[in-house]
Each structure stands twice: as structure tokens, then as C-alpha cells.
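Q: Sequence:
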Amino acid sequence: MTPEEAEQIASAGLYQFRNVYVLIFIWSLIGVYLVAFAIGMHIIIHKENRHRAHAIVIIFLLTAFVFTFMFACQETVASLINLKFGPIMSPGDIEASGPQSAFIVASILSSWSGNVTFCIADAFIVWRAWSVWLESRVIKFTLIILLTIDIAINIADGIADTQADKATGPVSTVALDWAIIVTNLGVNIVATLFIAYRAWIHHKSIGMISRTHKTQVEEILLLFVESGAIFAVVQILTIIISILDAKVPFFSPVDDADVLILVLYQYAAAINPVALIILIQTGNTYEQSLHLPDELPSIAETEADLIQVVIE
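Quick note, the sequence shown lines up with residues 39 to 350 if you use the working numbering.
Honestly, the hints are just simulated from the structure, not real lab data. Small disclaimer: the values here were computed from a predicted structure and weren't measured. One should not assume that every hint holds.
Beta-carbon label-pair distances, calculated as ranges [what the hints assert, rightly or not]:
#1 Ala267 to Ser139: 11 to 21 Å
#2 Val220 to Phe107: 25 to 35 Å
#3 Val73 to Gly51: 33 to 43 Å
#4 Val73 to Ile197: 28 to 38 Å
Computed list of lysine-lysine pairs in DSBU-like fashion (alpha-carbon distance at most 30 Å, straight line) [as the list claims (entries may be wrong)]:
#5 Lys122 to Lys204
#6 Lys85 to Lys178
#7 Lys178 to Lys242
#8 Lys285 to Lys204
Glycine included, C-beta positions come from ideal geometry on N, C-alpha and C.
Start from the sequences, fold in the hints, and give me the full structure.
A: And the structure:
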């Protein structure tokens, strides 16, 4: 056995080992997501209110569920093909052999599923900010522009990934992949800052009456901000590790971490709306927060609208 052959065998072994633990990681996250999704849907379905916002939330969650589960299934298909053919072929030869069509289909569906999930997560983030700034045309226009750019980049990346999967030669989509992460982060930061500003206004208004009492509305706004901040941490961590990964060899610890953090990023986008709804819905009843003094009619009306949008 030549050194080159030994190196190829070692590379194939590392490739298969990575596929196994990534697959385990994916389905562990899927398990967490399924539990959260079931709880969230149970809470929403058993709400008597039937506002349009109620239907929008259900559509968001169901669509995210379909594409998140599809992403996991396609990654599983690709991993199983690798496990079957990997021991006798190098990773590069697998895609050029009999299972080529299965690889192409799995890769295309996985890419589009991930992009759609990101769009849904960003739409939910924008919707949260929109719901607390119903009276501001400037902020709503800004949110629409950001979401439109975000969706356009995700569609462009999906098309580019599809062409790359079908191409016989190497095609780079790194620029669009980076654009997606940066745009997702930008949408999240801007929307979360808008919500944080609304929370600050509400806190100042309530502070004039009571410096110790925290209303349920304020708690919901803080949950919005905290969930956006946590998701931003995952996004920033993804960017940092991806930058480091560009400077290290394949199968290095940083390269392995990059693969896992990208999977985590995918499921963080999916579980973020569900987790937020569970936190809000399992809190105390909100009627007490609507009993604000007459000196604050505009704040009370705006935040009451927020409660109806999110909880009802």
C-alpha cells in the first residue's frame, strides 16, 4: 500500500466518522425541536381566540416544521449513502458514481430547506418588531426592505447551490453563503434593537407610576429582546468559526466545529419562534398588564395590540 492510498483510506474513514456524529447531532436537535414544536402547537391550538395573527403563527410554525424536518431527512439520506459507499470510495468519488442523482436531489432539497427555514425565522423576527411598532411607517418600511433583501439573497443562494450541485465542475457559492449569514444577523439585530427601544419607552412610561412593578407586557418585550440576543450570539459564533475554518485543513477540530455550528445555527433558527411562544404562553395571565393608568393611553393601546398579536 502506497502512502497516497493510506492517506485516501484515512481521509475516507474520517469522512465517515464525521457523517456519523453529525447525523447523531442533527437528530438530537430534531428531538428537542419536536418536543418544543408539540408543546407550542398544543398551546396555540387550544387558544379560543381566532385572530388573523393566530393563523399567521400557526402557518409560520407548520411551514418551519416541514422544512426543518425535510432538512434532517435529506442530510440523513446523504449520510446513509456515504456510509454505504464510503468504505470503497473516496468522498469525491461517491458523488461521481451511481448514487450521483440521490446526492444531487438530497443536496438541493437540503439547501432549499435550510434557506426557507432561515427566511421563516427572519420573517418571524421582523413580525415581532412590526407588531410593537404598528404606528411607525418608517420602522415598518425599514423592516420590509430588510426582509425583502434577506429573502432575495436566500433565493439567489438556493438557485446558485442548485446550479453548483448539478454542475460537473467546481462552482463556488461562498459569497452568497456569507451574504445569507450576514443578512440574517443584520435583520435580527435591527429588529431586536427596534423592540428594545420600544421596551425602553414602555419601561420609562411605567417607571413614572411604579419603579418596582414590571408588567406582563414588559416581560414579553424583554423576552423578545433576549431571544433575539441569544440568536444573535449563535449567528456571530457561526461567523467567527467560519472565518477560522477558512484557514485550517479539513478534519481539523475547527473544521469539525464549523460543521456542528452550522447545524446548530439551522436548528436555532427553527426553534427560536417555538421556544419564544412557549415562554410567553406559559407565563402568567396578561390581563393585569392592560390595567394601566389613564395617563398612558397610547402606550396601553399599543401594548394591548402587541399582547393580542402574540398571545391570542
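Q: If a hint holds in the structure, say so; if it does not, say that too.
A: Each hint tested on the structure:
no. : hint                         : result
1   : Ala267 to Ser139: 11 to 21 Å : violated (43 Å)
2   : Val220 to Phe107: 25 to 35 Å : holds (27 Å)
3   : Val73 to Gly51: 33 to 43 Å   : holds (34 Å)
4   : Val73 to Ile197: 28 to 38 Å  : holds (34 Å)
5   : Lys122 to Lys204             : holds (22 Å)
6   : Lys85 to Lys178              : holds (28 Å)
7   : Lys178 to Lys242             : holds (23 Å)
8   : Lys285 to Lys204             : holds (27 Å)
The earlier numbered hint that this structure contradicts is number 1, and it is the only one.
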